Amino acid sequence: MENRSAKGWLYLLPAILFLGVFMVYPLIDVFVYSFEEGYNSASQTFFGTGLYNYSYILHDPYFLQAVKNTFILVIVTVPLSTLIALGISYGLSSIKALRELYQTVFFLPYVTNTLAVGLVFMILFRKTAYSDGLVNLLLGLFGISPIDFIDGPYWAKMFVLCFYTIWVVLPFKILILTGALASVNEEYYNAARIDGTRPFRIFRKITLPMISPMVFYLIITGFIGAFKAYSDAVALFGTNLNAAEMNTIVGYVYDMLYGDSGGYPSYASAAAIILFAIVLTITCINLLISKKHVHY
Amino acid sequence: MKVVLQHITKIFPARGRGSNGGTVAANDLNFEIPDGELVALLGPSGCGKSTTLNLISGLQRPTDGRIFFGGDDVTDLPPENRGVGLVFQNYALYPHLSVMDNIIFPLGNLRGKDRMTKPEMKEKAHEIAKLVQIDELMDRKPAELSGGQQQRVAIARALVKMPRVLLLDEPLSNLDARLRLQTREEIKRIQRETKITTVFVTHDQDEAMSISDRIIVMKAGVVQQIGKPQEVYDSPANLFVANFLGTPPINVFSASVRGGRLIIGEDSVLEVGGVSDCEVWAAIRPEGFILDERGPLCCDFGGLEVMGRDISVLSSNQAAVKPTVRSIISAENRVDTSSKTVRFSLKPNKAFLFDKTSEERILFTTARKEN
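Those sequence lines, one after another, are chains A and B.
The numbering of the first sequence is the numbering used here, which starts it at 1 and goes up by one.
The numbering of the second sequence is the numbering used here, which starts it at 297 and goes up by one.
Hints may be right or wrong, so weigh each one.
To give a feel for the contact side, a few chain A residues facing chain B, derived at Cβ under 10 angstroms [said to hold, decoys possible]:
no.	residue
1	N190
2	A191
3	R193
4	T197
5	R201
6	S212
7	K292
Simulated crosslink set (DSS-like; lysine-lysine; CA at most 30 angstroms straight-line) [stated by the list, open to error]:
no.	chain 1	residue 1	chain 2	residue 2
8	B	K636	A	K205
9	A	K292	B	K298
10	A	K205	B	K426
11	B	K298	A	K291
12	A	K205	B	K409
13	B	K426	B	K414
14	A	K291	B	K409
15	B	K298	B	K437
16	A	K292	B	K420
No lab work stands behind these hints: they were computed from the structure.
These figures come from a predicted structure and were not determined experimentally.
By construction, the Cβ of each residue, glycine as well, lies at the ideal position given by its N, Cα and C atoms.
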């Protein structure tokens, strides 16, 4: 027995080593930095230890803005994208003709570069001196005066960011959900049909519970992904996110490290640790809820 | 509820390029299942028996022909309006619902005047659960049940809305041997208590013979014979039916009829009155052999299998289709195992003749007892 567990550890050693060096150690390091005031990575010096870094960023309006933005993004995009993906995959699994074509079309955004897509969105939404943008042209048809979605009011920018995020995360969710739907045994549907079950009841009472593990998987990874959002905002609003009021927590961390106001690894570490705490809490809550509602 | 199939044909369209025609899963089926009977659709895999069941349930539509329940033509009705209960081969119990919720699931679909309140549904479910003897398992999930218990839950779910016809697709195939024996008795009992017309599909002739009031033997989408199990066994309509029914299987010989006598190899073994000279298949049930030193049929002795009550004598014969001729004789007989040959006389009512080409039954008469 002793021998066997020794062997097991030996096999695990490479993975543990890598995880230790590249994940656990940096994590601990970041945790330590977050308590060291004014840490300088070049000279490896700091002034003192304490909660000062946390206190600073929690009073930093940019950070609070970033937290607000991130939360709005998460709360809007995760449920919406999951619902839309569910609808689309259910539709896909109900049609026979052209199903593969549609699947490919829905999957395209996944293989497209985020920044390139961001550029396309800019063109669609941006209002310049020469053009109002395609979206504004459409809105104009309904008699709505043009809105600057990229440099305009906060809600317009937030709308674009959410829209963009949903659009980017959809393909993966659709892929997972069509797979999940296809794996539900046809016999359950036949059994329900024999008993005269109406389509909506079949969906709610049979389909949904059967694919619930996948739905929860998507919700959990969706939350984590949305909390870590950064590149989407950059793609749309450029690198000066603080000025655009569109920064996210990860964006704030980046700015603190390398941005124009950068060079503050201590603040960045504290912000990263706060993000970590938020994600951990939300994920734990998610898991607790999913335990109650997922039956496998 | 009487179930009638009239000229039912089901053709599955061909798939892929280059294939033409399609698969005929049911070919001009005509039969009637009397009210309150337990009927087995019996046949080898791929013979169309499951398709026939699906046609009766409405999950599939026939290409041609009509289906009647009692006086109603249900051919164009969707499954939910036919009033059938269907038990699937692997039960299709909803894994996320408890036994209770599984059983009341069909009741939740009722609307209008049939609509039931939750307590009514539960009461009904308990009633049915008692019938199939699972009323102590109501809070469990299907995964926590044994195969036999899952089977009962599936039957309960099919029965709870009191279907006009109960359909079972290979109900026993997922159970182990012991449970299978027990469950088939159980199905018989439940059917007798509810008096619901029941059709079940099986490829196991033992199953079909033991519990059904009537069996329908199918092959390649065509009904071969319909009748009471014993009738079909005692009087198979063709070589396929003779081969398919009975364990151990019937022994088939390539034989001929000459001058009113059946000739197997060089032995004139049986008087077969009323049959003109021709080549035939002679099929003899294992219990149709009588060990007889002066018997007309001579076989090379191969070995013995003692099974307590009976002995089966393994032998071989040039004319036999299979390498081993198996005969079952009472254990009281003494078999000379040192002998190279073994001789039998035959029971005429256990021997059947079939046309060499059409494989249809050829009837014959016997004037006197051969033994």
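Against the structure, the hints:
1. A least Cβ separation of about 6 angstroms between A/N190 and chain B falls short of the 10 angstroms threshold, and the interface hint therefore holds.
2. With its C-beta approaching chain B no nearer than about 4 angstroms, A/A191 sits inside the 10 angstroms limit, and its interface hint holds.
3. Because the beta carbon of A/R193 sits about 6 angstroms from the nearest beta carbon in chain B, less than 10 angstroms, this interface hint is met.
4. Look at A/T197: its Cβ gets to within about 5 angstroms of chain B, closer than 10 angstroms, so that hint holds up.
5. Proximity of A/R201 to chain B holds as hinted, the smallest CB-CB distance being about 7 angstroms (cut-off 10 angstroms).
6. Hint status for A/S212: holds, given a least beta-carbon distance of 8 angstroms to chain B, under 10 angstroms.
7. With 10 angstroms as the threshold, the beta carbon of A/K292 stays out of range of chain B, its nearest partner Cβ sitting at about 12 angstroms, so the hint is violated.
8. For the hint linking B/K636 to A/K205, the alpha-carbon distance of about 70 angstroms lies beyond 30 angstroms, and the restraint is violated.
9. Taken as a hint, the A/K292 and B/K298 pair is broken in the structure, with Cα atoms around 47 angstroms apart against an allowance of 30 angstroms.
10. Pair hint A/K205 plus B/K426 holds up; C-alpha atoms about 25 angstroms apart against a cutoff of 30 angstroms.
11. Note on B/K298 and A/K291: the hinted pairing is violated, with a Cα-Cα distance of about 49 angstroms set against a maximum of 30 angstroms.
12. Distance check on the hinted pair: A/K205 and B/K409 sit about 23 angstroms apart at the alpha-carbon level, within 30 angstroms; holds.
13. For the proposed pair B/K426 and B/K414, the alpha carbon gap of about 18 angstroms is at most 30 angstroms, so the pair holds.
14. Proximity of A/K291 to B/K409 is assessed by CA-CA distance (about 38 angstroms); at most 30 angstroms being required, the pair is judged violated.
15. Note on B/K298 and B/K437: the hinted pairing is violated, with a Cα-Cα distance of about 36 angstroms set against a maximum of 30 angstroms.
16. Between A/K292 and B/K420, the direct Cα distance comes to roughly 28 angstroms. Compliance with the 30 angstroms bound is thereby established for this hinted pair.
In this structure, the hints that do not hold are numbers 7, 8, 9, 11, 14, 15, in rising order.
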